[in-house]
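S.K.: This is what each chain is made of:
Number of protein chains: 2
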Amino acid sequence: MLETRHAQHLSQLVGVQNFYTDPAHLQAYAYDATKERHMPDGVIFPRDEEDVRQILAYCNAHQIIIVPRGAGTGFTGGALSAHGGLVLSLEKHFDRILEIDTKNLIARVQPGVINKHFQNAVEALGLFYPPDPASQDQSTLGGNVSENAGGMRAAKYGITKDYVMALRAVLPNGDVIRAGKKTIKDVAGFNVAGILIASEGCLAVITELTLKLLAKPKLKQSAMGVFGSIGEAMEAVYKSMASGVTPVAMEFLDNLSIRAVEQRFAKGLPMDAGAILITQVDGSVPEQISWQLDQIEKHFKENGCIDFRIAQNSQQEEDLWFARRNASQSISVYGKKKLNEDVTVPRASLPALLEEVAKISQEYGLTIPCFGHTGDGNVHVNVMVQDPNDPSEMQRGQEAMEAIFKSAIALEGTLSGEHGIGLSKARFMPLAFSPEEMALFKRIKAAFDPNNILNPFKMGL
Amino acid sequence: MLETRHAQHLSQLVGVQNFYTDPAHLQAYAYDATKERHMPDGVIFPRDEEDVRQILAYCNAHQIIIVPRGAGTGFTGGALSAHGGLVLSLEKHFDRILEIDTKNLIARVQPGVINKHFQNAVEALGLFYPPDPASQDQSTLGGNVSENAGGMRAAKYGITKDYVMALRAVLPNGDVIRAGKKTIKDVAGFNVAGILIASEGCLAVITELTLKLLAKPKLKQSAMGVFGSIGEAMEAVYKSMASGVTPVAMEFLDNLSIRAVEQRFAKGLPMDAGAILITQVDGSVPEQISWQLDQIEKHFKENGCIDFRIAQNSQQEEDLWFARRNASQSISVYGKKKLNEDVTVPRASLPALLEEVAKISQEYGLTIPCFGHTGDGNVHVNVMVQDPNDPSEMQRGQEAMEAIFKSAIALEGTLSGEHGIGLSKARFMPLAFSPEEMALFKRIKAAFDPNNILNPFKMGL
Numbered sequence: 001m002l003e004t005r006h007a008q009h010l011s012q013l014v015g016v017q018n019f020y021t022d023p024a025h026l027q028a029y030a031y032d033a034t035k036e037r038h039m040p041d042g043v044i045f046p047r048d049e050e051d052v053r054q055i056l057a058y059c060n061a062h063q064i065i066i067v068p069r070g071a072g073t074g075f076t077g078g079a080l081s082a083h084g085g086l087v088l089s090l091e092k093h094f095d096r097i098l099e100i101d102t103k104n105l106i107a108r109v110q111p112g113v114i115n116k117h118f119q120n121a122v123e124a125l126g127l128f129y130p131p132d133p134a135s136q137d138q139s140t141l142g143g144n145v146s147e148n149a150g151g152m153r154a155a156k157y158g159i160t161k162d163y164v165m166a167l168r169a170v171l172p173n174g175d176v177i178r179a180g181k182k183t184i185k186d187v188a189g190f191n192v193a194g195i196l197i198a199s200e201g202c203l204a205v206i207t208e209l210t211l212k213l214l215a216k217p218k219l220k221q222s223a224m225g226v227f228g229s230i231g232e233a234m235e236a237v238y239k240s241m242a243s244g245v246t247p248v249a250m251e252f253l254d255n256l257s258i259r260a261v262e263q264r265f266a267k268g269l270p271m272d273a274g275a276i277l278i279t280q281v282d283g284s285v286p287e288q289i290s291w292q293l294d295q296i297e298k299h300f301k302e303n304g305c306i307d308f309r310i311a312q313n314s315q316q317e318e319d320l321w322f323a324r325r326n327a328s329q330s331i332s333v334y335g336k337k338k339l340n341e342d343v344t345v346p347r348a349s350l351p352a353l354l355e356e357v358a359k360i361s362q363e364y365g366l367t368i369p370c371f372g373h374t375g376d377g378n379v380h381v382n383v384m385v386q387d388p389n390d391p392s393e394m395q396r397g398q399e400a401m402e403a404i405f406k407s408a409i410a411l412e413g414t415l416s417g418e419h420g421i422g423l424s425k426a427r428f429m430p431l432a433f434s435p436e437e438m439a440l441f442k443r444i445k446a447a448f449d450p451n452n453i454l455n456p457f458k459m460g461l
Numbered sequence: 001m002l003e004t005r006h007a008q009h010l011s012q013l014v015g016v017q018n019f020y021t022d023p024a025h026l027q028a029y030a031y032d033a034t035k036e037r038h039m040p041d042g043v044i045f046p047r048d049e050e051d052v053r054q055i056l057a058y059c060n061a062h063q064i065i066i067v068p069r070g071a072g073t074g075f076t077g078g079a080l081s082a083h084g085g086l087v088l089s090l091e092k093h094f095d096r097i098l099e100i101d102t103k104n105l106i107a108r109v110q111p112g113v114i115n116k117h118f119q120n121a122v123e124a125l126g127l128f129y130p131p132d133p134a135s136q137d138q139s140t141l142g143g144n145v146s147e148n149a150g151g152m153r154a155a156k157y158g159i160t161k162d163y164v165m166a167l168r169a170v171l172p173n174g175d176v177i178r179a180g181k182k183t184i185k186d187v188a189g190f191n192v193a194g195i196l197i198a199s200e201g202c203l204a205v206i207t208e209l210t211l212k213l214l215a216k217p218k219l220k221q222s223a224m225g226v227f228g229s230i231g232e233a234m235e236a237v238y239k240s241m242a243s244g245v246t247p248v249a250m251e252f253l254d255n256l257s258i259r260a261v262e263q264r265f266a267k268g269l270p271m272d273a274g275a276i277l278i279t280q281v282d283g284s285v286p287e288q289i290s291w292q293l294d295q296i297e298k299h300f301k302e303n304g305c306i307d308f309r310i311a312q313n314s315q316q317e318e319d320l321w322f323a324r325r326n327a328s329q330s331i332s333v334y335g336k337k338k339l340n341e342d343v344t345v346p347r348a349s350l351p352a353l354l355e356e357v358a359k360i361s362q363e364y365g366l367t368i369p370c371f372g373h374t375g376d377g378n379v380h381v382n383v384m385v386q387d388p389n390d391p392s393e394m395q396r397g398q399e400a401m402e403a404i405f406k407s408a409i410a411l412e413g414t415l416s417g418e419h420g421i422g423l424s425k426a427r428f429m430p431l432a433f434s435p436e437e438m439a440l441f442k443r444i445k446a447a448f449d450p451n452n453i454l455n456p457f458k459m460g461l
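For the protein sequence lines, the chains are A and B, in the order given.
Numbering-wise (full-length UniProt numbering), the first sequence opens with residue 1 and increments by one.
Numbering-wise (full-length UniProt numbering), the second sequence opens with residue 1 and increments by one.
It is possible that some hints are incorrect.
If chains are identical, the list can't say which one is meant, so a pair holds when it fits in one copy or spans any two.
To be verified - Below, simulated SDA-like cross-link-like pairs (lysine to any residue); rule was C-alpha separation at most 25 Å, straight line:
id, residue 1, residue 2
1, Lys336, Pro388
2, Lys218, Asp294
3, Lys359, Ser332
4, Lys218, Val285
5, Lys103, Ala242
6, Lys156, Gln221
7, Lys103, Gln295
8, Lys220, Gly158
9, Lys239, Ala121
10, Lys103, Lys298
11, Lys239, Leu98
12, Lys337, Arg37
Bear in mind the hints are in silico, worked out from the structure with no lab data behind them.
Go ahead and model the full structure; you've got the sequences and the hints to work with.
M.R.: In structure tokens:
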């Protein structure tokens with residue numbers, strides 16, 4: 001509970017219309033995509049950087065917890081006030097695109113801009129912002145940076161961190177800092193922008209972002225290959241990529257995911273296939289597109305591809321991608337609740353990971369469909385629970401997921417490719433990091449936030 | 001001076017052949033490319049990570065300064081033991097390429113591997129490691145990472161930081177840490193690898209690097225354009241790049257640099273040209289190459305290009321690049337000593353920067369030829385001093401350089417695009433960073449190195 005004097009001070013600071021403590025408003029900031037609920041003690045909407053500065057300095061002095069929040073679309077509880085305190089929301093007053101600089105191919109934005117709005121704005125100028133998390137219609141650029149969001153285009157274009165050139169942020173003590181530059185090359189001082197990316201709101205509140213843009217590729221085309229086994233499909237992926245093709249996306253569905261989509265939508269998918277790969281290439285001239293598709297076809301067919309189709313028009317393009325886009329909702333045929341995690345391993349270790357998942361599925365008696373981004377080894381593993389009200393089945397589900405994390409880490413993978421750690425994966429941190437590494441994280445946290453007011457206890461810190 | 005007991009302990013630890021305190025040996029580790037000289041108290045060659053661990057833990061306990069060193073090719077004194085202590089050299093026992101993984105397109109290397117050796121090794125397998133600092137024949141990958149080295153290919157392929165996926169390092173207290181992963185996507189924990197890049201050996205000693213590789217582009221071709229003015233040339237650069245062409249390199253020489261090369265080598269260069277642009281494009285199919293060159297030709301000619309030539313064979317390719325490759329040595333026609341710095345501004349601000357440089361040249365009565373990487377706004381600015389033994393001229397040179405830094409920063413540029421801060425630019429740090437930002441750097445330094453034994457006082461810290 002927030003003391004009345006603090007509530008009064010903060011309310012005066014930003015105005016009553018920008019500070020709420022009533023349950024109805026708080027409810028709207030108590031959720032994210034985890035479906036956990038944590039009521040904050042208040043929600044505050046700073047109007048500008050100076051407000052952020054004053055809020056943080058005040059809360060730091062009075063040891064009031066601050067949880068920064070974008071759109072609340074996170075999958076790991078990063079924006080949840082699980083330990084009370086205030087949600088500091090950037091969605092209301094930090095939603096402007098400040099500058100799109102076509103000469104330097106960069107843009108300056110406020111952190112509350114929705115990813116997709118920004119993509120549309122730059123594409124209208126013939127430019128391109130590649131990071132495309134599945135949440136792009138709702139999630140904010142500030143949230144994307146704080147979680148280092150990925151997406152389907154990562155195989156070719158990388159992830160959010162590859163597009164952050166500079167930022168402004170406010171430290172818990174109220175210090176305003178700038179980090180990075182509008183220049184590709186900048187090696188003066190420590191890479192503070194680099195460490196704020198993916199820091200899940202634990203180190204500072206970002207108030208402005210300078211993002212890198214590309215020219216928009218003129219052409220793109222998609223293709224699909226059907227394989228007898230995941231192993232063959234993965235061999236085809238890495239041989240294609242080593243040949244000089246860097247596909248924009250290289251997505252896969254396993255047999256369970258294929259069957260789920262077919263059961264729901266009857267699209268004529270191959271029910272017996274071990275895997276489907278769906279890929280897209282882009283470029284500037286038709287010959288570059290056809291060369292890439294030729295290479296992919298060759299390496300697919302040399303590695304057990306039994307059916308290869310190239311989309312010849314936008315309808316066929318849509319059709320090819322239908323299965324991938326509808327995989328996530330279709331797998332609900334296997335159970336009422338899915339425990340889904342974005343496990344990532346080095347690309348070539350995907351077959352080994354999926355073998356482990358098959359074993360774990362057997363062992364725990366749970367169906368585990370998988371699909372995702374083979375281009376970067378990022379798999380969405382879905383442990384399906386038939387009845388979430390059965391505590392023993394839920395328990396088995398959690399244990400199966402933990403076994404999957406252990407397998408991924410044994411294969412030199414990571415706890416999270418895209419979603420972050422937040423609350424949901426905090427307890428798994430010791431699986432991935434040594435005590436010395438965790439101690440270093442804590443010292444870094446303290447260098448930014450000595451009073452531990454900013455999103456405390458997240459990431460297992 | 002190192003106490004005898006410490007010398008004995010360290011000598012015993014690594015063996016007498018790996019620890020020197022005699023002047024002849026020390027001399028060989030007292031220099032770098034700055035031409036400053038600082039004799040260390042000793043030079044030690046750890047044989048493996050365990051040696052690094054023990055050396056650091058011991059020196060940390062006894063407050064002995066450690067200066068990590070690769071090949072000593074740095075331009076800013078990062079590897080110089082300006083405050084005594086030991087040089088810790090990684091060139092002798094850390095020079096192995098541990099793994100080139102063609103499935104995942106990554107390599108694991110020790111930090112002492114020479115950049116060019118590594119490039120050759122991966123190219124023999126049809127792969128590609130883009131970062132190509134001018135020092136590539138001598139400099140080490142560990143040094144490249146510690147300084148975040150750039151190079152000519154940065155406009156298209158980025159810089160060293162874009163290729164570091166993971167690393168192992170030893171903290172001053174002897175803790176061994178791993179940071180990053182072999183996966184494109186990894187968002188678990190703080191981005192410790194990100195902050196070690198460009199940290200100039202101030203935070204930890206890197207003992208292993210996992211680097212990202214690309215497939216080697218099959219085709220490349222170069223072209224040259226002659227312009228009446230720098231302004232026109234820069235307009236041509238940004239219009240080309242906004243059209244969807246991302247050249248591998250887009251290099252320029254100003255009039256003074258052109259005349260210097262011509263005076264030395266009589267290659268028939270246009271002595272009256274305001275600027276020459278030399279560019280290279282690459283790709284997989286001939287049509288992709290010709291489309292890019294067509295776009296560049298169009299945008300060059302629409303912006304005042306008076307002569308445009310495409311290299312049709314390897315001899316012509318060599319000829320086009322001759323002027324750029326020989327600019328650095330040729331400008332010695334203007335003076336015995338050059339004060340050269342790698343100032344970087346946003347691409348579109350290059351004409352404004354070069355106008356400022358022209359004014360500063362007038363004001364201080366010094367010739368200042370410029371050349372460099374327009375694709376990323378990185379200019380090598382060379383303040384030429386006729387007589388380095390004349391203290392007043394040297395003083396004027398230093399003041400001119402300081403005026404140039406101020407101009408660059410006013411244009412949202414950086415103190416250093418490629419060379420780092422080290423000793424040489426330490427005094428300029430307050431021009432670029434606020435007291436709050438400097439204080440944060442110091443807290444980050446202390447989070448890694450509380451006793452300040454690792455390359456202390458560098459970067460103005």
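S.K.: Determine for every hint whether it applies to the structure shown.
M.R.: We went through each hint and held it up to the structure:
1. For the identical chains of this complex, Lys336 and Pro388 are intra-copy neighbours only, at 7 Å inside a copy versus 79 Å across copies, given an alpha-carbon limit of 25 Å.
2. In the homo-oligomer, the alpha carbons of Lys218 and Asp294 lie at most 25 Å apart both inside one protomer (19 Å) and across protomers (15 Å), since each shortest distance falls under that limit.
3. Within a single copy, Lys359 and Ser332 get their C-alpha atoms as close as 21 Å, which meets the 25 Å cut-off; across copies the closest is 69 Å, which misses it.
4. For a Cα distance limit of 25 Å, the shortest separation of Lys218 from Val285 qualifies both inside one copy, at 8 Å, and across copies, at 16 Å.
5. Proximity of Lys103 and Ala242 under a CA criterion of 25 Å is satisfied inter-copy only: 7 Å between copies versus 34 Å inside one chain copy.
6. For a Cα distance limit of 25 Å, the shortest separation of Lys156 from Gln221 qualifies both inside one copy, at 14 Å, and across copies, at 23 Å.
7. Proximity of Lys103 and Gln295 under a CA criterion of 25 Å is satisfied inter-copy only: 16 Å between copies versus 35 Å inside one chain copy.
8. For the identical chains of this complex, Lys220 and Gly158 are neighbours both inside a copy (17 Å) and across copies (24 Å), given an alpha-carbon limit of 25 Å.
9. With identical chains, the CA atoms of Lys239 and Ala121 are at most 25 Å apart between copies only, with a shortest distance of 19 Å across copies and 36 Å within one.
10. Within a single copy, Lys103 and Lys298 get their C-alpha atoms only as close as 40 Å, which misses the 25 Å cut-off; across copies the closest is 17 Å, which meets it.
11. Only between protomers do Lys239 and Leu98 lie at most 25 Å apart by alpha-carbon distance; the minimum there is 22 Å, versus 43 Å within a single protomer.
12. Taking CA atoms no more than 25 Å apart as the test, Lys337 paired with Arg37 passes inside one copy only; the shortest distance there is 17 Å, against 67 Å between copies.
No hint from the list above goes unmet by this structure.
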